[in-house]
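Here is how the chains run, residue by residue.
2 protein chains.
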Amino acid sequence: MDLFIAGFGVIGQGVVEVIQQKGEMLSKAFGQRLRVVGVCDSSSYETSKRGLDPSTLIRRKLSEGKVGTKPFDGDAERMLGSVDYDTLIEVTPTNIQNGEPGVANMLTALNRGKHVVTSNKGPLALRFKELSRAAEKNGVQLRFEATVGGATPIINLSRELLRGEKILSIRGILNGTCNFILNRMKEEGLPFAQALREAQDMGIAERDPSYDIDGVDSACKAAILANAIFHLDRTYSDVKRTGIRGVTEEAVSLASEEKKVIRLIGEISSKRLEVAPRLVPIGHPLSIGGTRNIVQIHTDLAGEITVAGRGAGKFETASAILSDLVALLKDNQK
Amino acid sequence: MDLFIAGFGVIGQGVVEVIQQKGEMLSKAFGQRLRVVGVCDSSSYETSKRGLDPSTLIRRKLSEGKVGTKPFDGDAERMLGSVDYDTLIEVTPTNIQNGEPGVANMLTALNRGKHVVTSNKGPLALRFKELSRAAEKNGVQLRFEATVGGATPIINLSRELLRGEKILSIRGILNGTCNFILNRMKEEGLPFAQALREAQDMGIAERDPSYDIDGVDSACKAAILANAIFHLDRTYSDVKRTGIRGVTEEAVSLASEEKKVIRLIGEISSKRLEVAPRLVPIGHPLSIGGTRNIVQIHTDLAGEITVAGRGAGKFETASAILSDLVALLKDNQK
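Taken in order, these protein sequences are the chains called A and B. Heads up, the first sequence is in my numbering, so the first residue is 31 and it goes up one at a time. Heads up, the second sequence is in my numbering, so the first residue is 31 and it goes up one at a time.
Okay, chain A solo, but in the shape it has when bound:
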């Protein structure tokens, strides 16, 4: 299977490293080689029918600041048309204003009959229906395990392993940064501002933290789950959203007295789409600390199934992308 990788930041580099590391195992298991035939970042691209060498790509990115030798002028159609490939790995940065350049890259690939595997939340939180229709019309797959919960296999678990179940609702912690802050407030009795500063110093929160703490990231993921699992047509702005700025020391301490913790919970069902701070009893799966993401999937037969994992990180995200690639390899085998 020939791959074009659009985006060569931390995630794109992680994907290339993982493909290099796992290539032999996968080609043994599935009788197909994974080969990177194209790659681009925001200013350059590189293609080779015979396959690009991962180490060269990473070395060039590190030394020259760009992955390719050819300048990229922003024309996705032309660039993605310059080499043949089977699957586009779309890992450009998330843009929640208009989803670009992700949307253009994905539509170009899907409309040419190429599978798309992505970690890019923006396009799926904004234009899910259009993208999934393009995939369906062209008989290819659009896979996006990495968009929700990092390494946590929420989407493939729900859509594949639980395919015989009726999924009634999903509730969970979809943002590790908020969970870290709320947990530190509780554990150390810190005020919000101080817990946030600590998270920023540790590189867990961004300098501009609003994407996380105002619940935007969680809302994107909630919208994607609503679309992917409940077959709705929602964007992230359809999500009723309250962040964690208003969570006070006093509220955290009152909750503690009742053996509860405050967690930023996303709630997704065919009737409800909301992200807000909630009280969770200590000992309940959603009372988990740290930066993990966790969801509870409520179904008609299994009752509820909880799945948790690391919500972000180079190899964690590459892991989710790899699981989608493995599913494509498996389907190809038949």
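Derived from the structure by calculation, the hints contain no laboratory data. There could be a bad hint or two in this list.
Per the computed footprint, the stretches of chain A lying under chain B, defined by three or more beta-carbons under 8 Å from a beta-carbon of chain B, are [to be verified]: (1) 191-205; (2) 344-356.
No farther apart than 20 Å at their CA atoms in a straight line, the calculated lysine to aspartate or glutamate pairs in the EDC-like style are these [as the list claims (entries may be wrong)]: (3) B:Lys167 - B:Asp361; (4) B:Lys96 - B:Asp83; (5) A:Lys79 - A:Asp114; (6) A:Lys344 - B:Glu334; (7) A:Lys289 - B:Glu218; (8) A:Lys159 - A:Asp263; (9) B:Lys360 - B:Glu218; (10) B:Lys290 - A:Glu334; (11) B:Lys290 - B:Glu279; (12) A:Lys196 - B:Glu47; (13) B:Lys196 - A:Glu54; (14) A:Lys58 - A:Glu94; (15) A:Lys290 - B:Glu217; (16) B:Lys290 - A:Glu218; (17) A:Lys344 - B:Asp330; (18) A:Lys167 - A:Glu218; (19) B:Lys167 - B:Asp263; (20) B:Lys301 - B:Asp330; (21) A:Lys58 - B:Asp330; (22) B:Lys344 - A:Glu334; (23) B:Lys360 - A:Glu166; (24) B:Lys289 - A:Glu54; (25) B:Lys289 - A:Glu166; (26) A:Lys289 - A:Glu217; (27) B:Lys289 - A:Glu218; (28) A:Lys301 - A:Glu334; (29) B:Lys360 - A:Asp361; (30) B:Lys196 - A:Glu47; (31) B:Lys290 - A:Glu217; (32) A:Lys290 - B:Glu334; (33) A:Lys58 - B:Glu287.
For every residue, glycine included, the Cβ atom is placed at its ideal position computed from N, Cα and C.
Following the hints, put chain B in place on chain A, whose structure we already have.
Leaving out everything else, chain B in the frame of chain A:
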């Protein structure tokens, strides 16, 4: 897909009800009907090429105490040869002395080229290699999601969704009864004997509780995971095993002072196979209360993935069996 259901206790009845309830959805999704063409319990059997009516089977079992009109003399070969089917659903009671009648039923079906889906721990904790070799030799599948963790999709998650990962170790709570007892000891400051009695009164623990509290059930599941995921050849007696009878009120309360709880943890890797009480920090995923089963799967890329769900129950177990059936239906489609 034609099914023979061996065993018609709570699980067998649950499976038949679920097939009745989900039949139409599945045949729409996969273009194949699930049809029950044979069923047996310990004293009777019934077959029909054209399919048996689930309601009639359940009604007869309830009113007459047996599922079939024909007496079953224990000759599995003959009974399982009396009708053609594609998949044996083996849900007879677990026997950890010699695995029978499960082993005989499974080998008969596998050697005739039939898939086997089972919830029966005994055969897989005692004779895994022989059974999986029979499946391989005959080009059929042996699926056993329901043997570990009830509705919790531990095996299919590890073997399918995480197929690209190297799984380094698995740790978890594999028995809900022990977890309930340990959690009540902590929450209410109860001595072991009293928490056990409470669990017995609630129907969570058996009259003879040793299968649960001495760690035998957990050890069976640990052995199955060792075989299925780490490709070892272990039986449950290879598992180093300490139960929870020796866990005192004092130990639980000391742990509490250190913000820890005691949990019966199974640890499985290529180098380690053990079930024993362990200290777990409060807030850690494995500090979970209630009767859930939970495991953490440690991998090279994802770090760790935690999955939890109900460990037992009629529909919970049927749910795991259904997920295996769905996987077979999906493979059949190609």
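To see whether the hints hold, each was checked on the structure:
1. A count of 5 residues in the stretch 191-205 of chain A with a Cβ less than 8 Å from any Cβ of chain B is obtained; the coverage claim is therefore met, three being the minimum.
2. Judged by the Cβ-Cβ criterion of 8 Å, the stretch 344-356 of chain A is covered by chain B as claimed, because 9 of its residues qualify and three suffice.
3. For the given pair, lysine 167 of chain B sits about 18 Å from aspartate 361 of chain B by alpha-carbon distance, which is consistent with the 20 Å threshold.
4. With a CA separation close to 15 Å, the supplied pair lysine 96 of chain B and aspartate 83 of chain B stays within the 20 Å bound.
5. Distance check on the hinted pair: lysine 79 of chain A and aspartate 114 of chain A sit about 7 Å apart at the alpha-carbon level, within 20 Å; holds.
6. With a C-alpha separation of about 14 Å, the suggested pairing of lysine 344 of chain A with glutamate 334 of chain B holds against the 20 Å cut-off.
7. Restraint check for lysine 289 of chain A and glutamate 218 of chain B: satisfied, since their Cα atoms lie roughly 14 Å apart, inside the 20 Å limit.
8. For the hint linking lysine 159 of chain A to aspartate 263 of chain A, the alpha-carbon distance of about 6 Å falls within 20 Å, and the restraint holds.
9. Only pairs whose Cα atoms come within 20 Å are accepted, and lysine 360 of chain B paired with glutamate 218 of chain B is rejected, the gap being roughly 48 Å.
10. Taking the CA atoms of lysine 290 of chain B and glutamate 334 of chain A, the gap is about 25 Å. The hint is violated against a cut of 20 Å.
11. About 14 Å separates the Cα atoms of lysine 290 of chain B and glutamate 279 of chain B, which keeps this hinted pair within 20 Å; it holds.
12. Among the hinted pairs, lysine 196 of chain A with glutamate 47 of chain B is consistent with the structure: their alpha-carbon atoms are about 15 Å apart, no more than 20 Å.
13. About 13 Å separates the Cα atoms of lysine 196 of chain B and glutamate 54 of chain A, which keeps this hinted pair within 20 Å; it holds.
14. Distance hint between lysine 58 of chain A and glutamate 94 of chain A is unfulfilled; the C-alpha atoms sit about 35 Å from each other, more than 20 Å.
15. Between lysine 290 of chain A and glutamate 217 of chain B, the direct Cα distance comes to roughly 14 Å. Compliance with the 20 Å bound is thereby established for this hinted pair.
16. Of the pairs offered as hints, the one joining lysine 290 of chain B and glutamate 218 of chain A holds, with about 17 Å between alpha carbons and a cut-off of 20 Å not exceeded.
17. For the suggested pair lysine 344 of chain A and aspartate 330 of chain B, the alpha carbons sit about 12 Å apart, so the restraint of at most 20 Å is met.
18. For the suggested pair lysine 167 of chain A and glutamate 218 of chain A, the alpha carbons sit about 53 Å apart, so the restraint of at most 20 Å is broken.
19. Simply put, lysine 167 of chain B and aspartate 263 of chain B have alpha-carbon atoms about 17 Å apart, close enough for the 20 Å limit, and the pair holds.
20. The straight-line distance between the Cα atoms of lysine 301 of chain B and aspartate 330 of chain B is roughly 16 Å, inside the 20 Å bound, and the hint therefore holds.
21. For the proposed pair lysine 58 of chain A and aspartate 330 of chain B, the alpha carbon gap of about 19 Å is at most 20 Å, so the pair holds.
22. For the hint pairing lysine 344 of chain B with glutamate 334 of chain A, the CA-to-CA distance comes to about 14 Å; that is within 20 Å, so the pair holds.
23. For the suggested pair lysine 360 of chain B and glutamate 166 of chain A, the alpha carbons sit about 18 Å apart, so the restraint of at most 20 Å is met.
24. Restraint check: the Cα-Cα separation between lysine 289 of chain B and glutamate 54 of chain A comes to about 45 Å, which exceeds 20 Å; the hinted pair is violated.
25. Under the criterion of a C-alpha separation no larger than 20 Å, the hint pairing lysine 289 of chain B with glutamate 166 of chain A is inconsistent with the structure, at around 52 Å.
26. Restraint check: the Cα-Cα separation between lysine 289 of chain A and glutamate 217 of chain A comes to about 13 Å, which is no more than 20 Å; the hinted pair holds.
27. Distance check on the hinted pair: lysine 289 of chain B and glutamate 218 of chain A sit about 14 Å apart at the alpha-carbon level, within 20 Å; holds.
28. The hinted pair formed by lysine 301 of chain A and glutamate 334 of chain A meets the criterion: a straight-line CA distance of about 18 Å does not exceed 20 Å.
29. Of the supplied pair hints, the one linking lysine 360 of chain B and aspartate 361 of chain A holds, its CA atoms being roughly 10 Å apart against a limit of 20 Å.
30. In summary, the hint linking lysine 196 of chain B to glutamate 47 of chain A is supported, as the alpha carbons are separated by about 15 Å, within the 20 Å threshold.
31. Between lysine 290 of chain B and glutamate 217 of chain A the alpha-carbon distance is near 14 Å, which keeps this suggested pair within the 20 Å criterion.
32. Only pairs whose Cα atoms come within 20 Å are accepted, and lysine 290 of chain A paired with glutamate 334 of chain B is rejected, the gap being roughly 25 Å.
33. Of the pairs offered as hints, the one joining lysine 58 of chain A and glutamate 287 of chain B is violated, with about 51 Å between alpha carbons and a cut-off of 20 Å exceeded.
Hint violations for this structure: numbers 9, 10, 14, 18, 24, 25, 32 and 33, all remaining hints satisfied.
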